[in-house]
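Residue numbers (this note's numbering), protein chains in the order written: chain F, 1 to 689; chain V, 1 to 689.
Treat the hints as calculated values from the structure; they're not laboratory data. It is possible that part of the hints are untrue.
Identical copies look the same in the list; a pair holds intra-copy or inter-copy alike.
The calculated DSBU-like cross-link candidates involving lysine-lysine, where the alpha carbons are at most 30 Å apart (straight line), are [as the list claims (entries may be wrong)]: (1) Lys-327 to Lys-522; (2) Lys-327 to Lys-511; (3) Lys-429 to Lys-649; (4) Lys-327 to Lys-213.
Spelled out, the chains give:
Number of protein chains: 2
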Amino acid sequence: MALMETGKYSQGSVLGSVNPDLASERQTASFSVEKLTAWLDGGAEHTRLRRAVVEAIERDPAFSRENQYFQSQNERYEAAVRKAVHLQKKMDEMGWTDNGPEFKYIYRALSGDLAFLLHRIFIRSISMLGSDKQIAKWIPLATQYQLIGSYAQTELGHGTYLQGLETTAVFDITTQEFVLNTPNISAMKWWPGDMGRSATHTVVFAQLYVKGKCYGLHPFIVQIRSLQDHSLCPGITAGDIGPKMNFEHIDNGYLMLQNVRVPRENMLSKFCEVQPDGTYVRRGSQKINYFTMTTVRISLILDEVVIPLMKACTIAIRYSVVRRQSKLKPGEQEAKILDYQTQQEKLLPQLAAAYAFYFINDYLQELFNRGYREIQRKNFDMLPELHAFSSGFKAMVTQYSTSAVEICLRACGGHGYSLLSGLPSLYTKIVASCIYEGENTILFLQTARFLIKCFMAASTGQPVPPSVTYLAAVTPEKCPAKNKLDFLSPDIYTEAYQHMAARLINSTAAKLQDLIQSGVKKHDAWNQCTVQLAQAAKAHCHYITVKNFAETVEKLETQPGIQKIMKHLCDLFALHGIFSNAGVFLHDGYISGAQMDMVTASYLDLLAVIRKDAVPLVDAFDFTDKTLNSALGSYDGQVYQRLYEWAQKSPTNKQVWMLDYSQATSALARAEVVYFSFNKSNTDKSKVE
Amino acid sequence: MALMETGKYSQGSVLGSVNPDLASERQTASFSVEKLTAWLDGGAEHTRLRRAVVEAIERDPAFSRENQYFQSQNERYEAAVRKAVHLQKKMDEMGWTDNGPEFKYIYRALSGDLAFLLHRIFIRSISMLGSDKQIAKWIPLATQYQLIGSYAQTELGHGTYLQGLETTAVFDITTQEFVLNTPNISAMKWWPGDMGRSATHTVVFAQLYVKGKCYGLHPFIVQIRSLQDHSLCPGITAGDIGPKMNFEHIDNGYLMLQNVRVPRENMLSKFCEVQPDGTYVRRGSQKINYFTMTTVRISLILDEVVIPLMKACTIAIRYSVVRRQSKLKPGEQEAKILDYQTQQEKLLPQLAAAYAFYFINDYLQELFNRGYREIQRKNFDMLPELHAFSSGFKAMVTQYSTSAVEICLRACGGHGYSLLSGLPSLYTKIVASCIYEGENTILFLQTARFLIKCFMAASTGQPVPPSVTYLAAVTPEKCPAKNKLDFLSPDIYTEAYQHMAARLINSTAAKLQDLIQSGVKKHDAWNQCTVQLAQAAKAHCHYITVKNFAETVEKLETQPGIQKIMKHLCDLFALHGIFSNAGVFLHDGYISGAQMDMVTASYLDLLAVIRKDAVPLVDAFDFTDKTLNSALGSYDGQVYQRLYEWAQKSPTNKQVWMLDYSQATSALARAEVVYFSFNKSNTDKSKVE
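Could you put the whole structure together from the sequences, leaning on the hints where they help?
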């Protein structure tokens with residue numbers, strides 16, 4: 001009768017003592033979690049530094065995210081402003097600087113919930129696009145927060161296609177000013193962060209007109225709000241664009257300009273200038289600017305995509321060993337849901353992808369550092385490859401990771417749907433990464449254009465960048481694997497990916513040429529191939545990711561414990577990709593139906609192997625409970641207790657209705673009394689007229 | 001210089017006059033939109049009735065959804081209560097009844113934003129599970145709203161696996177009462193709608209114990225709040241479970257019971273009863289109850305899944321002919337984004353799926369009506385098939401539609417990410433359908449169990465239900481298609497689906513038997529096949545959906561205009577499925593690589609064909625602007641103007657900061673002044689302690 005005893009509800013004290021179902025998972029780790037963490041961090045000294053930064057931030061109540069899931073858009077914005085201001089103080093106090101080794105850990109520790117991020121872009125754009133004189137004037141003002149900057153590029157009518165932007169800046173030779181205008185509603189600046197409420201200044205991108213001639217897009221520093229009272233400047237209409245799926249903490253804004261005049265000196269003029277007599281002078285190379293745009297795409301991969309995916313995996317996998325549901329064997333205890341093959345098949349490939357993308361990020365960083373060194377030596381040869389890589393990998397990693405986070409969310413059932421799980425906000429935030437900094441389909445097509453060009457060059461014997469020499473390589477026509485174990489050989493699967501990617505690019509190039517030769521115009525032919533071109537670009541990136549994972553594992557020979565489990569994850573990532581995209585491998589018979597059955601068998605076998613280390617593998621990501629901010633994912637696994645305690649804090653539980661409705665005798669009166677009492681007692685709500 | 005003229009921002013007056021880019025799409029429809037609408041509604045008289053209901057509701061300001069995207073959780077809940085109360089009055093006023101022909105259109109017109117939906121389930125469960133005496137006592141109280149009911153099944157620790165529920169009800173023979181308890185935290189009721197704040201009564205599912213013996217799960221009517229002052233009853237702890245990804249308008253709640261006593265008469269006793277001396281009596285058949293659970297899954301498909309998908313398609317497709325971005329041909333005007341093949345490939349398959357699922361819903365309704373008639377004649381033969389269908393189709397349609405809505409959202413770029421587009425809330429709501437009323441993976445496995453059983457029976461010559469006779473049918477080993485046009489033959493592709501589904505079930509059954517024969521225990525063998533079993537079940541449902549679509553098109557011979565476009569959509573749905581799941585068709589060589597190229601060619605050709613009718617095809621869904629509640633999807637296509645006007649209403653634009661920070665001279669003081677002023681002036685926010 002123990003079941004029926006009451007008064008057994010756990011008190012707060014249970015939080016912190018690890019749930020035995022989670023503790024047991026940690027006792028059987030096949031490797032040292034601490035060693036893996038240190039390796040991921042790039043050495044134990046980095047781990048120590050990261051932990052010190054995280055601890056300093058989490059100890060400070062000003063950075064608390066405790067009430068985040070209960071906050072309105074207004075409240076989240078205010079919290080982000082408060083944190084941004086406090087962070088400056090904290091950095092002074094701790095001796096952290098923007099260029100110091102601690103800096104990259106700060107954003108991670110704060111999970112990005114900061115205002116004034118666009119202020120940094122404002123500073124960066126002036127540093128890069130401004131003349132020495134402009135830098136000397138504006139950068140000190142900005143770094144000392146004498147103004148708050150923003151960056152106004154996107155318009156209501158145009159995003160990724162920059163040439164289409166419509167805002168105009170006409171040079172008025174008589175007053176030596178530029179006159180900025182929003183010529184119609186679609187030209188309104190729309191989306192820029194920090195612009196809805198915070199910014200006093202912004203860099204406006206506008207079509208430059210001098211003496212009636214358009215010189216294309218140029219950047220102008222424009223003051224939009226008073227430095228005396230924060231009111232809008234004359235000719236400026238600006239505000240917040242309203243509620244979004246996430247990013248409530250950022251005041252994405254709109255901006256209309258009506259005959260707004262700025263002095264000639266406010267056009268950022270490192271690369272081009274309008275002289276007092278209206279002469280337009282272009283100087284230096286804009287290629288470096290072009291390079292900078294591509295680096296932004298690479299720089300967001302870790303913080304905005306891979307780390308959120310790692311968090312989602314941590315939450316979902318820890319929850320899946322705490323949650324017990326139904327029985328695997330009749331008569332036994334209910335099983336941990338991670339013991340079901342279907343749950344393993346949902347989560348473990350996402351875990352493998354998180355590692356794969358963490359490593360591809362390292363690869364890209366290295367590639368870009370190398371590119372940067374070359375560019376400093378005035379060698380721009382790598383630019384097309386770097387642009388193609390930044391586009392394709394940004395698109396592939398964001399798209400894959402968005403699906404992965406969604407899978408993690410759904411794998412947690414109803415509790416995953418609660419904001420308190422942390423998963424909905426991870427999803428609603430990561431999904432935006434598929435759109436911002438270049439829409440993914442457009443990015444894939446840019447990569448495809450590069451690949452087609454390289455393929456054409458390679459097939460006529462011209463030199464191509466090392467990353468794409470494979471396009472012209474001769475590979476066997478059939479996969480040589482004879483049994484399921486052969487598919488655990490990186491050579492076998494890497495070659496399969498290579499063959500498949502090369503085939504897709506090859507066959508799409510052939511289709512393109514056939515169409516053109518049959519008389520279809522070039523742009524129409526291109527459009528008719530874009531579905532396949534995008535697929536080919538994705539296949540290329542997938543191949544490089546698998547290859548890089550395999551090479552990363554190879555380099556781990558001094559750490560055999562870690563190497564073994566990483567090898568399993570690499571195999572899983574590769575075989576999951578073949579299993580889920582079977583068609584492109586089977587299409588030309590490179591992999592036969594019988595071999596696909598071997599792939600499937602090895603893939604399913606691997607799930608059971610990695611399942612044993614699943615919790616240690618997410619523990620190694622080393623997220624604190626405060627960073628995860630999840631009732632399901634905490635280190636102690638006290639899932640139900642935490643859900644219950646956190647729910648108590650909800651504003652929906654803050655109102656008490658003690659009311660007299662004994663007089664309500666008619667059919668509807670009772671419900672009405674309930675409604676009106678809610679309405680009466682609820683004085684603390686945000687009113688909307 | 002026309003570009004630079006100012007003062008041209010369109011005023012409100014532009015709303016309602018159709019954007020020419022959208023108007024032109026309607027002039028070239030290949031069919032009569034009105035006729036298609038009438039056919040979808042089941043006849044012009046149904047269309048008239050539906051429109052009358054929608055109009056009556058939309059004319060009534062009490063049902064307005066205008067401010068929905070700006071509301072807090074509290075406000076959405078209050079609005080839902082207000083609407084539920086008002087709806088009762090409206091129904092009286094209009095002469096609508098719960099069983100009248102108007103009823104099904106009301107929910108559609110209100111887009112489900114109603115409180116007290118669980119009150120209906122409370123009523124339904126008493127009607128079905130209660131004795132005549134219980135029905136006579138409780139139903140009038142409920143229908144007159146003398147109480148507000150809820151339905152408490154799910155617990156913190158158990159959802160789909162009902163046997164695992166832990167709440168207990170012990171019969172106390174001395175007082176003739178049941179004593180209900182929540183024995184530990186995981187047994188807390190968690191998620192029931194209307195329970196967090198509204199309900200006064202609920203049906204609690206608990207394990208029944210009589211004289212120490214457990215009789216399994218039984219339903220008990222329990223009062224949880226006072227009918228005098230709405231305070232919690234003794235022994236009851238209840239509240240709201242906090243913020244969710246959506247459904248803010250519903251007070252999903254938790255409930256703990258500590259020695260809560262209810263009279264013996266409160267156990268719903270149509271099928272079983274505890275007599276005063278403690279004798280447990282079971283009577284009648286519980287099969288009908290089992291049937292009712294499956295009908296709930298079918299009943300949600302239209303309103304909660306297909307209609308939201310239709311809305312998402314309407315919004316995304318209308319936006320895609322208004323949005324112009326980049327150029328298809330150099331020198332020309334920027335192209336409508338729907339003219340890009342990649343955009344067509346994103347949206348048009350989702351449109352085809354919306355139609356496919358609308359038709360499969362008709363098919364399922366008919367099947368279930370037939371089943372219901374049989375059951376009333378005490379013939380329960382169809383039950384296993386009905387259960388398998390309700391499980392598999394619920395899972396397939398919700399999973400597919402969730403992805404489809406997400407694709408629509410992402411296809412609208414940045415503006416799709418704004419809540420004002422309507423797409424984020426469609427997504428965050430539909431994703432829940434993958435979890436509630438049975439988690440999808442578990443449901444697929446239930447279908448798989450049925451299919452494996454039928455396959456075994458069929459292969460030994462035993463009779464099986466008509467829907468699965470194909471499992472034992474002999475089909476050709478190779479697809480007979482010779483060119484891409486052959487793949488526009490429903491016979492060709494339906495047979496390909498049939499072959500593929502039968503093969504997957506067949507091969508998984510073989511794997512299962514091999515494992516068992518090799519000594520693996522039955523339950524382990526089952527678990528090791530579940531990834532493939534779920535895939536096979538999905539393939540079966542996909543096949544039936546394609547087949548049903550083709551049959552629906554065939555029956556349209558009297559309406560050739562509509563039949564033609566429906567045939568195109570059917571082809572697209574089928575070929576998209578083959579294109580995106582190429583592996584399972586190529587695996588055994590049923591479709592060859594060369595044939596897959598034909599599939600791809602026909603599939604891509606179809607996109608260009610259907611693109612011409614895309615707008616008429618969504619217009620035919622006949623959603624009003626108020627129903628869509630989308631700045632991107634309105635009938636007039638005035639996308640930018642509407643985004644701008646709606647953004648003005650956001651609470652984030654309601655605060656004006658005119659402040660003096662001229663004294664702020666230090667580095668951070670200015671930002672701090674901004675922050676503190678926000679804080680000071682912002683008195684209308686919802687506080688969280």
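A quick look at each hint next to the structure:
{"no.": "1", "hint": "Lys-327 to Lys-522", "verdict": "between (60 Å within a copy, 13 Å between copies)"}
{"no.": "2", "hint": "Lys-327 to Lys-511", "verdict": "between (53 Å within a copy, 22 Å between copies)"}
{"no.": "3", "hint": "Lys-429 to Lys-649", "verdict": "both (23 Å within a copy, 24 Å between copies)"}
{"no.": "4", "hint": "Lys-327 to Lys-213", "verdict": "between (75 Å within a copy, 22 Å between copies)"}
No hint from the list above goes unmet by this structure.
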